[in-house]
Amino acid sequence: MGNDEHDKEALALDALDALDGEELRELQAHLASCTECRRERDALRDAASMLAYATPHVAPGGHVRARLLERVRELGPANAEAVAPASPAAQTRAEVSDAAQGDARVLEFAARPPSHSPVIPKWFALAASLVIAVMAVALAVLWRQNNDLRGELARSGAELNAERSRDAQQQEALERGREELQWARELAELIASPEARMASLAGTKDAPPAAHATVAYDRATSRAVLISSGLPPAPAGKAYQVWYIDGGKPPVPGGTFKPNVDSRGFLSDRIPADGLAAQTFAVTLEPEGGVPAPTGKMYLLSAAS
Amino acid sequence: MIALPEQDKVDAELIHAVARGDERALASLYDHYSHILFGLLLRILKDRPEAEDVLQEVFLQIWQRASSFDAERGRPFTWLVTLARSRAIDRLRSVRSRERAALASTAEAPEPVADASDEAVRSEQGEAVRGALASIPEEQRRALLLAYFEGLSQTEIAARLDQPLGTVKTRMRSGMLKMRELLRGQVEGAGAAM
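One line per chain: the protein sequences are W and C, in this order. Numbered by the working numbering, the letters in the first sequence go through residues 5 to 309 in order. Numbered by the working numbering, the letters in the second sequence go through residues 10 to 203 in order.
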């Protein structure tokens, strides 16, 4: 293969991984022996990779980093055997041990509410600690139940099938507990910032009396975390959407969430630039995926702060 | 603001440190690149939990395969982005039917927009890339974006655009070469010698 126009075309297409069929096989065979073309293709790939900059940068949830580092510690220094992705069963085992480690950390947090943060009222730090402690205890109970169950199963192999569905339920509950613990972690992470602020949202006349939520937000990083409880399940095709409101201006749309089977909801959101001055927060029921302006009933509303 | 060749050097050192089992180096790479990689994964997968899951997989892969990074073969940024994109496209192919993805993409992928919170160096690159994309003809841009963000092959792109394969290939080649020309200043840190 020489360096003619046709080959340049193949190299450009390969840099985008768009080559297929016989042409791909031919090029691969050629690249194996041609350093010059390989360099050209790699340089084109450098340019193609710049397309990643065409997308807006988005912050992943804080739990991703935490879980990544935990997993890295479990794996230890890199080794070739560990490259294969974990099987679902191994994954579940890892998560059970994740949750166990999580307990200790969250309890530690609960025992030492952040005292250096002037904008978070003491009562809130206390309440947040309480929520986290309750979650941690609930998780510990679930974890123990799960372990007990596993012990039983080990003792009585004949009952395995009958117990399997119970085990699955326990796993689901454990999974929910683990998820809620992640919420608590994200909340804890956010309120650790000295700039963090809080707002409390109460149920409106359309919401059950127990419905309420808390929003923690940090204007410096545009991050917001909402934890709700007592909201009715979102009907099919619907979700709850949060709104950032600044005085008489139109509400700025935020993210959407669906409460879990325990009626607890969570949203980790990035506040749009025009919503950063918000003094008031509201939650309405909207079509799944969210809408640019509120259309549904309002369920939660904060007092202007 | 760190100049690009400098940034490449810093990144290459971080990747080598990760290969030696340095967790802090991995955390630094994560802190520096998770936002741009997550934006890319979201654009490809259009699903936040899925994208978060793949993001974690990508960094685990970095942890386990850092020793395979070869600075001679391209920029560290290219290596990271290529890992992320490949994983996302594998995931797209395995968990979603093409039809569903196509449906989501016709519902208009968000237009590339600036993010005010990005560091200066990233904004500058974002602007350069958006500027480059805006200056190539629409039909070339479309073909490039379908290949890059949807993982379509030349044959699939020809079918999607209802154009002869030869036409699509010519467009992609022209678009790609133009992009490289326009972004030369952005990628000359390493491996861009022709």
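Don't read these hints as lab results, they were simulated from the structure. Among the hints, a few may not be true.
Claimed, not checked - List time: in silico PhoX-like cross-link candidates among lysine-lysine, alpha-carbon distance up to 20 Å:
| # | chain 1 | residue 1 | chain 2 | residue 2 |
| --- | --- | --- | --- | --- |
| 1 | W | K242 | W | K301 |
| 2 | W | K253 | W | K209 |
| 3 | W | K301 | W | K253 |
| 4 | W | K301 | W | K209 |
| 5 | W | K262 | C | K187 |
| 6 | C | K187 | W | K12 |
| 7 | W | K262 | W | K242 |
| 8 | C | K187 | W | K242 |
Results of checking the hints against the structure:
Between W/K242 and W/K301 the alpha-carbon distance is near 12 Å, which keeps this suggested pair within the 20 Å criterion. At roughly 23 Å between alpha-carbon atoms, W/K253 and W/K209 are farther apart than 20 Å, so this suggested pair is violated. Restraint check for W/K301 and W/K253: the C-alpha separation of about 19 Å stays at or below 20 Å, so the hint holds. The hinted pair formed by W/K301 and W/K209 meets the criterion: a straight-line CA distance of about 10 Å does not exceed 20 Å.
Taking the CA atoms of W/K262 and C/K187, the gap is near 45 Å; set against the 20 Å cutoff, the hint is violated. For the hint linking C/K187 to W/K12, the alpha-carbon distance of about 13 Å falls within 20 Å, and the restraint holds. Taking the CA atoms of W/K262 and W/K242, the gap is near 8 Å; set against the 20 Å cutoff, the hint holds. Of the supplied pair hints, the one linking C/K187 and W/K242 is violated, its CA atoms being roughly 45 Å apart against a limit of 20 Å.
Of the numbered hints listed earlier, those contradicted by the structure are 2, 5 and 8.
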